[in-house]
Amino acid sequence: MTPDESLLTWVPRLRRYARALAGNRDDADDLVQDTLERAWARAALWRGVTDMRGWLFSIMHNLHVDGVRRPRLATQAIDDDTPELATAPTQGERLAVLDLQAALDQLPVEQKEIVLLVALEDMAYADIAKTLGIPIGTVMSRLSRGRERLRALMDGRDQPVRLTVVK
Amino acid sequence: MNPITEAELHAFVDGQLTPERHREIEASLAQRPDEAQRVQSYRDQKRELRALFDPVLDEALPQRVLRAARPRAAWYSQRWIAGLLIALISGAAGWGLHGAWPSASPDKTLAVAGFAQRAAVAHAVYSAEQRRPVEVDAAHEDQLVTWLSKRMGAPMKPAHLQALGYALEGGRLLPGGQGPVAQFMYRDAAGRRLTLYVSNEIGELSSSASAARGNQSETAFRFAREGRLNVFYWVDGRFGYAISAEADRTALTEVSSEVYRQLAKGVTVD
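Residue numbers (our numbering), protein chains in the order written: chain A, 1 to 167; chain B, 1001 to 1270.
For the record, the hints were derived by calculation from the structure and aren't laboratory data. Since we're looking at a predicted model, the values are computed, not measured. Beta carbons: idealized from backbone N, C-alpha and C, even for Gly. Some hints could be false.
[As the list claims (entries may be wrong)] Pairwise CB distance ranges, derived in the manner of DEER restraints: (1) A:Asp51 to B:His1022: 22 to 28 Å; (2) B:His1022 to A:Ile134: 21 to 27 Å; (3) A:Gln106 to B:Arg1021: 31 to 37 Å.
Between the sequences and the hints, there should be enough to build the whole structure, so can you do that?
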């Protein structure tokens, strides 16, 4: 397999994760494009990379965390994918699905990333820890909080009670 | 049976437990409807997330993503005339974008790679020079040091590489991405040239970015190759260094280590 083919094979999965992370197509593809460019800029390191997926997702994570901090102009793409009126048979499903997207967007990014890597990539917890550069205990606590929060949002419940530290 | 931890409950949902533990928890959930309901709800979440985002896998790839997935075009041609052309173009572009560049390109890695690329182009252009490979030759090393240090705003002494078979020919000042860069030229007994390219733009370019990222160590050596030219480069503090030669990788590694060693001792740059 030539290097460009090997990178190309990961693109659909990078796009899926980016779409879920960024919430819209344009920002997601910006993120994918930046990730690929950075991966090429570091192509000299590929030989030492044993887990290409983890490496690529880790690049995307760093870029996303930086990008989230960077203020940017909100854009709304109008193209062929702009949904038209939903057809009757799928409408109920579509509404449920939009709820999930909206709920997902309300998760803090550090919880969202882990919930998504587990759900979309079936990534092992240890690999997530490596990809995000955090201890596995942190992965578990963020996964737990993220899932519980998502459940609360989907059920229309209020946020779980938060403990405040009183000094 | 050991009590079920929160982490185990998630590992159960995700199938990341040993088969024995999985069975134990499965059995115990039958007695705990609340926990069983949570497990079910987490499984539903996963399924719905897949249903929502899996269709992305089947989308046609946008052109810009497709382009980014392919290897970039060669940035260095062995024909020095092409190198000169690139230098002229990037020099002009650098001038036009002066000041706008750092914010337009927040990606440090790309910036560093861009620096290595400029080093390679500069090597290609000047190492091919027979009559004027340098602006100030090694016979006037004192003047070279004074001049480059003044223009670079930092003590700038060439590394000494005689032990590795490379004699200093001299150096010159060049335009970098935003300001001056120094190039030192060496040659071995067979007349093969090696250049050391020093830029102080990297640190300024990256200081805010690396501070925001918790100041990752950037002293790792990186290696780029195009055609017969090998480039070793690294960033140390404010400075970026690139060593270019048509020598093999082992020889370049030796030179890089030696330059790095002399820098660490403060021989070249304080």
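Tested hints:
For the hinted restraint 22 to 28 Å between aspartate 51 of chain A and histidine 1022 of chain B, the CB-CB distance of approximately 25 Å keeps it satisfied. Against the hinted window of 21 to 27 Å, the Cβ-Cβ separation of histidine 1022 of chain B and isoleucine 134 of chain A comes to about 25 Å, which satisfies the hint. Distance hint check for glutamine 106 of chain A and arginine 1021 of chain B: the Cβ-Cβ separation is about 33 Å, which falls inside the suggested range of 31 to 37 Å.
Figure legend: structure checked against the earlier numbered hints; every hint is met.
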